[in-house]
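Here are the chains, one letter per residue:
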Amino acid sequence: MTDEFAVGDTFERVSEDVSREDFVRYAGASGDFNPIHYDEPHAQEAGYPSVFGQGMFTAGVASALVRETFGLAGLREYDTRFVAQVWPGDTLTTTLEVTAVEDVETGTRVEADLAVTTDGGERVVEGRAVAVV
Amino acid sequence: MPSLPLADLEAQVGDTHRTVEGFAVERGKVAEFARAIDDPDDVYLDEQAAREAGYEAIPAPPTFARTSFFPRYRPDGIDHNLGFELGFDRARVVHGQQRYEYERPLYVGDTLTGDTTLTEVYQRDGRGGGTMTFAVLRTDFTDESGSHVLSDYNTRIETGQAIEGEGE
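Those sequence lines, one after another, are chains A and B.
Position in the first sequence (from 1) plus 108 gives the number in our numbering.
Position in the second sequence (from 1) plus 301 gives the number in our numbering.
This is chain A alone, in the form it adopts within the complex (with noise of 0.2 angstroms):
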């Protein structure tokens, strides 16, 4: 059993200042192109302020911080719920905390808690990640 990690431990990563760049370039790369993330008088006929990111764009930044965390290889499961919009200017900061460490056979079973929060204080996704490292 690996005593790299323990229930408590936390980890994070910052996107600073997240765009409609960021937005339209996930789009292309995702085939995603559901207009309400790029298109701004859709948006607004829609009832928005303006765009927003998609909810796998967000999914997307906050994976970067598992993969640095517990790497790819051993990744179990990977959830994310989507809770409010993430805005043009957001920074966006993805915690993991670790919720639980147990040994099994393979090796070391890691549980975490994921939350992604908007410099504005709004928590945006909320998901988990298990791995087995």
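Worth flagging that the hints you see were computed from the coordinates, not collected in a lab.
It should be emphasised that the depicted structure is a prediction, and the values quoted were computed from it without experimental measurement.
No residue lacks a Cβ here, since even glycine has one placed at the ideal position from N, Cα and C.
Among these hints, one or two may not hold up.
Derived list of chain A stretches under chain B, where covered just means 3 residues or more per stretch with a C-beta under 8 angstroms from a C-beta of chain B [to be verified]: (1) 137-147; (2) 161-170; (3) 180-191.
Label-pair distances were calculated between CB atoms; the ranges are [as the list claims (entries may be wrong)]: (4) A:G215 x B:E348: 21 to 27 angstroms; (5) B:E445 x A:V212: 27 to 33 angstroms; (6) A:T214 x B:T412: 25 to 31 angstroms; (7) A:G116 x B:G430: 27 to 33 angstroms.
Since the structure of chain A is already known, use the hints to place chain B on it.
What follows is chain B alone, placed relative to chain A:
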């Protein structure tokens, strides 16, 4: 409320459709995707760096299976409804949750097939009034040898009123 009765949606629970074919994990797409999620790490960009980090090839980011949404990977007749008739009003549909379960990472060079099963349908009262209808679609991806690589659980919600979440 969807344009179909809940019973019609429930009748499709357990049905499976082939929804992804020839989903090739391409090196250039992986690099582009890694940059788009603000994670241009060497393991996603450089084969030698990936091997030195212990991977058998360049791995794809954890949410890369989303790119199977590109129409070129969809069999004929399959659109964003993934072969199901949910009767959702697309203008009120949000992406509520996304969960992945992995057997192993996706690697550059993999070519995957996806089969989507409607696993769950239910309704709840929305906070702002109206009825919210939830549908959970599980896509199982297999590689060329027929081995399971990952499962993708996509929760779609038709909101009762104006959208307050992530457009699907």
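Hints versus structure:
no.	hint	in the structure
1	137-147	holds (count 7)
2	161-170	holds (count 7)
3	180-191	holds (count 11)
4	A:G215 x B:E348: 21 to 27 angstroms	25 angstroms, holds
5	B:E445 x A:V212: 27 to 33 angstroms	29 angstroms, holds
6	A:T214 x B:T412: 25 to 31 angstroms	27 angstroms, holds
7	A:G116 x B:G430: 27 to 33 angstroms	41 angstroms, violated
Of the hints listed earlier, the one the structure fails to meet is number 7.
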